[in-house]
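Asker: So the sequence lines, in the order shown, correspond to chains A and B. Just so it is clear: in the first sequence, position 31 is 31 by this note's numbering, and no numbers are missing. Just so it is clear: in the second sequence, position 27 is 27 by this note's numbering, and no numbers are missing.
Rather than coming from a laboratory, the hints here were simulated on the basis of the structure. Keep in mind that this is a model prediction, so the values were computed, not measured. We treat Cβ as the ideally placed atom computed from N, Cα and C, and that holds for glycine. Any given hint might turn out to be false.
Output of the computed footprint for chain B on chain A, the stretches with three or more beta carbons under 8 angstroms from beta carbons of chain B [unchecked claim]:
#1 29-36
#2 78-89
#3 101-107
Chain by chain, the residues run as shown.
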Amino acid sequence: SQQGEEDPQALSIQEGENATMNCSYKTSINNLQWYRQNSGRGLVHLILIRSNEREKHSGRLRVTLDTSKKSSSLLITASRAADTASYFCATDAYTGNQFYFGTGTSLTVIP
Amino acid sequence: DVKVTQSSRYLVKRTGEKVFLECVQDMDHENMFWYRQDPGLGLRLIYFSYDVKMKEKGDIPEGYSVSREKKERFSLILESASTNQTSMYLCASSLSFLWGKNTEAFFGQGTRLTVV
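Given the sequences, and given the hints that come with them, work out the whole structure.
Answerer: This is how it looks when you write it as structure tokens:
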């Protein structure tokens, strides 16, 4: 399987703190994306970073990509209780027509 | 807003039943996907389709089949449901994976299937 891996598996922080989660993947990619999943729901797209980009921002989200290390990180600044969710990275490879998802990081933000 | 709609949020079926999970998208997307999600295992791809009547096996196709007769609809079929197919099933759609396109996936709300 070419499934990626997020790290850590679970993260618990206080409201207002920053949350950082990491993703490693195995193949060369076109894009890497981050998704959020609230409990019992489908996934919602957060941000996409292309393979030729190194950093991208969207509101309180900052994503970095290091293709030489095949890794990415998602930083959520000034976290809120509403950010409590699972976060997944996904890659789409040069070959094939698939998304490869990681196993997810479960984030809990304590009010 | 892009919408991917799965026919049921919760489903309870008996062992041996034939089960149909339906998914409809309204964005004229070429690609459609079926995943199952289990604790600790993340999302695992069952089947995907990149065009009408076209399908490809994902990582765990055993015990499942799919049908895509129209571009907007992708059905997952459990030929003979078993208890180990109890899971959350997620449908998604996206544009074709051509270089330069933003291939964001849009997900349905999920179907929680319990096989008893």
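Asker: Each hint should be assessed against the structure and marked as holding or not.
Answerer: Status of each hint after checking the structure:
no.: 1; hint: 29-36; verdict: holds (count 4)
no.: 2; hint: 78-89; verdict: violated (count 1)
no.: 3; hint: 101-107; verdict: holds (count 4)
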